Amino acid sequence: MISPDTTHPPHSLRLRSGNQMMAEGALQAGCTFFAGYPITPATGIFKTMIDLLPARGGVALSAPDEISAVAYCIGASMRGAKAMTATSGPGWALMTESVQYALMTETPLVVALVQRLGPSTGGATQGGQGDVLLAEYCTSGGYTIPILCPTNARECYELTILAFTWAELFRVPVIVLSDKETGMTIESVDVGSLPSITSQNRPSNFAFRELGGFRQNERKGTYYFDAIHEIPVFAPVGGPRKVTATGSAHDKQGRLQKNSPETLEVLLHLEQKVRWRLDDFAVVTADLQPAAGTLIISYGITARAARDAVSEARRMGERVSHLIVHSLFPIPVKKITQAAHNVDEVIVAEENMNGLYRSVIDRHLAGKRVRGVNKIGAMITPQEILEAIMS
Amino acid sequence: MSLSTEQKATSGSITSYFVDQPRFPFCKGCGHQSVLRRLNDALVSLQLPPDKVALVTDIGCIGLTDALFKDIHTVHTTHGRSTAFATGIALADSLLADGKLKTIVLIGDGGAMIGLQHLVHAAMLNVDVTVLICNNFVYGMTGGQGSGLTPECFVTATTPKGNIVPPVDICEILTASNAPFVARTVATDRSLSDLLAKAIAYNGFAAIEILELCTEFAVPQNKLDGQRLYDIAKKNGWGVGILAERMDRSPYAVRYREEVLNKTDVVSQLDAIHRIGTRIPTLKKPVSILLAGSAGERVQSSAGLVATAAVAAGLNITQKNDNPVTQGSGFSVAELWFSAHEIGFTGITRPDFLLVTSVDGWREMYSQRVFARLDRSSALYIDETLQVPECDGVVHRLKLRSVFGGKDAALGLLVFVLLRHDILPRDLVLRVVREKYRGDVDFFFTRLQQLEMESDRGNVSR
Numbered sequence: 001m002i003s004p005d006t007t008h009p010p011h012s013l014r015l016r017s018g019n020q021m022m023a024e025g026a027l028q029a030g031c032t033f034f035a036g037y038p039i040t041p042a043t044g045i046f047k048t049m050i051d052l053l054p055a056r057g058g059v060a061l062s063a064p065d066e067i068s069a070v071a072y073c074i075g076a077s078m079r080g081a082k083a084m085t086a087t088s089g090p091g092w093a094l095m096t097e098s099v100q101y102a103l104m105t106e107t108p109l110v111v112a113l114v115q116r117l118g119p120s121t122g123g124a125t126q127g128g129q130g131d132v133l134l135a136e137y138c139t140s141g142g143y144t145i146p147i148l149c150p151t152n153a154r155e156c157y158e159l160t161i162l163a164f165t166w167a168e169l170f171r172v173p174v175i176v177l178s179d180k181e182t183g184m185t186i187e188s189v190d191v192g193s194l195p196s197i198t199s200q201n202r203p204s205n206f207a208f209r210e211l212g213g214f215r216q217n218e219r220k221g222t223y224y225f226d227a228i229h230e231i232p233v234f235a236p237v238g239g240p241r242k243v244t245a246t247g248s249a250h251d252k253q254g255r256l257q258k259n260s261p262e263t264l265e266v267l268l269h270l271e272q273k274v275r276w277r278l279d280d281f282a283v284v285t286a287d288l289q290p291a292a293g294t295l296i297i298s299y300g301i302t303a304r305a306a307r308d309a310v311s312e313a314r315r316m317g318e319r320v321s322h323l324i325v326h327s328l329f330p331i332p333v334k335k336i337t338q339a340a341h342n343v344d345e346v347i348v349a350e351e352n353m354n355g356l357y358r359s360v361i362d363r364h365l366a367g368k369r370v371r372g373v374n375k376i377g378a379m380i381t382p383q384e385i386l387e388a389i390m391s
Numbered sequence: 001m002s003l004s005t006e007q008k009a010t011s012g013s014i015t016s017y018f019v020d021q022p023r024f025p026f027c028k029g030c031g032h033q034s035v036l037r038r039l040n041d042a043l044v045s046l047q048l049p050p051d052k053v054a055l056v057t058d059i060g061c062i063g064l065t066d067a068l069f070k071d072i073h074t075v076h077t078t079h080g081r082s083t084a085f086a087t088g089i090a091l092a093d094s095l096l097a098d099g100k101l102k103t104i105v106l107i108g109d110g111g112a113m114i115g116l117q118h119l120v121h122a123a124m125l126n127v128d129v130t131v132l133i134c135n136n137f138v139y140g141m142t143g144g145q146g147s148g149l150t151p152e153c154f155v156t157a158t159t160p161k162g163n164i165v166p167p168v169d170i171c172e173i174l175t176a177s178n179a180p181f182v183a184r185t186v187a188t189d190r191s192l193s194d195l196l197a198k199a200i201a202y203n204g205f206a207a208i209e210i211l212e213l214c215t216e217f218a219v220p221q222n223k224l225d226g227q228r229l230y231d232i233a234k235k236n237g238w239g240v241g242i243l244a245e246r247m248d249r250s251p252y253a254v255r256y257r258e259e260v261l262n263k264t265d266v267v268s269q270l271d272a273i274h275r276i277g278t279r280i281p282t283l284k285k286p287v288s289i290l291l292a293g294s295a296g297e298r299v300q301s302s303a304g305l306v307a308t309a310a311v312a313a314g315l316n317i318t319q320k321n322d323n324p325v326t327q328g329s330g331f332s333v334a335e336l337w338f339s340a341h342e343i344g345f346t347g348i349t350r351p352d353f354l355l356v357t358s359v360d361g362w363r364e365m366y367s368q369r370v371f372a373r374l375d376r377s378s379a380l381y382i383d384e385t386l387q388v389p390e391c392d393g394v395v396h397r398l399k400l401r402s403v404f405g406g407k408d409a410a411l412g413l414l415v416f417v418l419l420r421h422d423i424l425p426r427d428l429v430l431r432v433v434r435e436k437y438r439g440d441v442d443f444f445f446t447r448l449q450q451l452e453m454e455s456d457r458g459n460v461s462r
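Chains U and P supply the protein sequences, listed in that same order.
In terms of the numbering used here, the first sequence is residues 1 to 391.
In terms of the numbering used here, the second sequence is residues 1 to 462.
I should point out that these hints are in silico values taken from the structure, not numbers from a laboratory.
It is possible that part of the hints are untrue.
Below, computed lysine-lysine pairings styled on DSSO-like, alpha-carbon distance capped at 27 Å [stated by the list, open to error]:
id, chain 1, residue 1, chain 2, residue 2
1, P, K223, P, K161
2, P, K263, U, K47
3, U, K368, U, K335
4, P, K198, P, K70
5, P, K52, U, K220
6, P, K70, P, K100
7, P, K223, P, K235
8, U, K258, P, K28
9, U, K252, U, K220
10, P, K52, U, K252
11, P, K70, U, K252
12, P, K28, P, K52
13, P, K263, P, K28
14, P, K52, P, K100
15, P, K198, P, K161
16, U, K220, P, K198
17, P, K198, P, K100
18, U, K258, P, K70
19, P, K100, P, K263
20, P, K161, P, K235
21, U, K258, U, K220
22, P, K263, P, K436
23, U, K220, P, K223
24, U, K47, P, K234
25, P, K70, P, K28
26, P, K52, P, K161
27, U, K334, U, K368
Here the structure is a predicted model, which is why all the values come from computation and not from measurement.
With the rest of the complex left out, here is chain U (with noise of 0.2 Å):
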């Protein structure tokens, strides 16, 4: 269409929406399947995969609802294929049925969850964080799902690329929590400085094979471990070994049963398997500084209003520091201490009503005056958090 400037150096700085941005993430982690449906704001995911994932032979297409295209997607995995969807409020409200699925069957899924403002179909093109607890809190048992929350369009990348890391290794569903500005506005982003890592795979019999171990629990069963944290090896269906996969109660072999101790031992091991790793899911950037007396937390979209007003208040003297957390869940427990260690107050800034992250992290913030800046309906400014800051 147009030939390169010759007069000037290449450079990499690319024009691109954060939707279009987990996509090409998730082309980058391996992704091989995408099923999706129609909803702003997460369209844009759907349709750069559309427009990508065939091109470089992996399959995606057009579901006719919600239901189905994560079905498909947990069927594709089942199979062995890296799947992911995206959706936003409404949609997940349909998707959680199969979320529930796939973590109970242990099957890798990354899904792309991005807000909008609720409740019911609330406001299509309007932002919003109000999904927090509700995509955390979908299942029946309240099981950890890891949620990866970036702030902008390069993070979009790189934190896709890390959900399909622990989707396949865990073999649990990872949920990329975005919003309608992070994901639909565009930016500028160095693509050439992008990280060139893909996600790993999911331990497979084969590879654990090469490894030299695991032989002996090959027929063991498709849920099979030993230790109550253990990744049970990966079989696909229509591979070589037998899967008996159920989303009802079982056992380690996939056996529906009611209440057997090895039953219970396995609902445990679906919590206790991320439960164990939990330093591992923990990803933040941390901005501290010595004797600061307030600790802002942010994440999301909200974190780029939280980074300009703590400039600002440093600019005006204070001593101020910031936390933003990339992965709300787990919750990075250790990190959130550690940051509000020598504090007073803690302030969680998020575009929703109630103060939902600061509802569940409040209990790790003994002894500190907690405070939220909460807004719905617009963007929370870098002037509100001000405000906060210095009042």
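Knowing the structure of chain U, use the given hints to seat chain P on it.
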């Protein structure tokens, strides 16, 4: 995977896919048992390698089959969704793996109805999935409630006076959904295993509705026996036998390979416009521009065009768009930040430049109280036909729409402001405009000149 010696006949063929001495978890006389036996017979007749068969089961009595089969894969799913999970398995197998897997779904009448969408779409796609819809007219597992496939007058737990709602003809729905293979029969049909073998062997979507007796909840209440199943079919106008067998439909995987897979990127060319080189950014401090106009008047696309010039100028940029839920009516807004440094907050509370091209944009700026926030460091550029709002900004009225017309007003004004205030290098701005109009750009520059002249003549201020 090695087969047990019991399963290997002397000829090396498989004589059963069941476990040794299968214990069927069904009520005495239940049709599910004979359906599963016929399914086993069909698999035996096809001699499929067990690891190349996946049995995907739904919730309900018919789903309680995992433990009956020895070496084939079993996937027990959620209510109604079995066909959708099977579709995912089949898609990945046929397009990303060896394409040898036969995926079979066992679903009841309740599951067929709650998962109707999945059946319809699997039929539309024509994935290699065979669905056995085991229709015993009731939800057996939960106590015999009526389903969408329950015949009229049928007595169930939820229709104690007899069903007053005519049932759907599931085969007709699937035929109308372009399912290439559709059949209906009864559980006692002696040729059922042949029919199942034919359906499974078929490379594509096949649905077989099997009418059955629920001995617990349908038989006593409705005085049924096996022969009556044909009467029920007849009374409801349900055809029996192979109802659709189309040779003209290619499986989805075949069509996908032909038309989609490994074809050129659709958007890889997008980046070409960005590869126009870089320069050391010259912008001293961040600049914000808020462009407000009407949907359909290229507001956001013009902002995007300018953004490419900004990137070529080595600047960081954010473009935050806003519009109502509709795509082609109402306001359209783009908020642009240009900066030599990383950009934090992407919103614009008080723009350096507010550009209003239409009454839709005016109304939105008014309702968002943007006019009211302008101060003396802000410049408002506004079409002369629009009311000048009460504000503290420096106001410039322009013959924008009369010079450029609605379609080019947004780009015209953006370019005008960028050049007038030296926000971006002139050559880069003009270059992206030239690219947009593919060289046929004289009209645009003529109008730009006209606007510049008009504004110099003193039409600029309030």
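Here is what the structure says about each hint:
| no. | hint | in the structure |
| --- | --- | --- |
| 1 | P:K223 to P:K161 | holds, 15 Å |
| 2 | P:K263 to U:K47 | holds, 16 Å |
| 3 | U:K368 to U:K335 | holds, 16 Å |
| 4 | P:K198 to P:K70 | holds, 22 Å |
| 5 | P:K52 to U:K220 | holds, 20 Å |
| 6 | P:K70 to P:K100 | holds, 19 Å |
| 7 | P:K223 to P:K235 | holds, 16 Å |
| 8 | U:K258 to P:K28 | holds, 23 Å |
| 9 | U:K252 to U:K220 | holds, 8 Å |
| 10 | P:K52 to U:K252 | holds, 23 Å |
| 11 | P:K70 to U:K252 | holds, 16 Å |
| 12 | P:K28 to P:K52 | violated, 32 Å |
| 13 | P:K263 to P:K28 | violated, 56 Å |
| 14 | P:K52 to P:K100 | holds, 6 Å |
| 15 | P:K198 to P:K161 | violated, 40 Å |
| 16 | U:K220 to P:K198 | violated, 34 Å |
| 17 | P:K198 to P:K100 | holds, 16 Å |
| 18 | U:K258 to P:K70 | holds, 21 Å |
| 19 | P:K100 to P:K263 | holds, 24 Å |
| 20 | P:K161 to P:K235 | holds, 19 Å |
| 21 | U:K258 to U:K220 | holds, 20 Å |
| 22 | P:K263 to P:K436 | holds, 26 Å |
| 23 | U:K220 to P:K223 | violated, 47 Å |
| 24 | U:K47 to P:K234 | violated, 47 Å |
| 25 | P:K70 to P:K28 | holds, 23 Å |
| 26 | P:K52 to P:K161 | violated, 47 Å |
| 27 | U:K334 to U:K368 | holds, 16 Å |
The structure fails hints 12, 13, 15, 16, 23, 24 and 26 (numbered hints given earlier, in ascending order).
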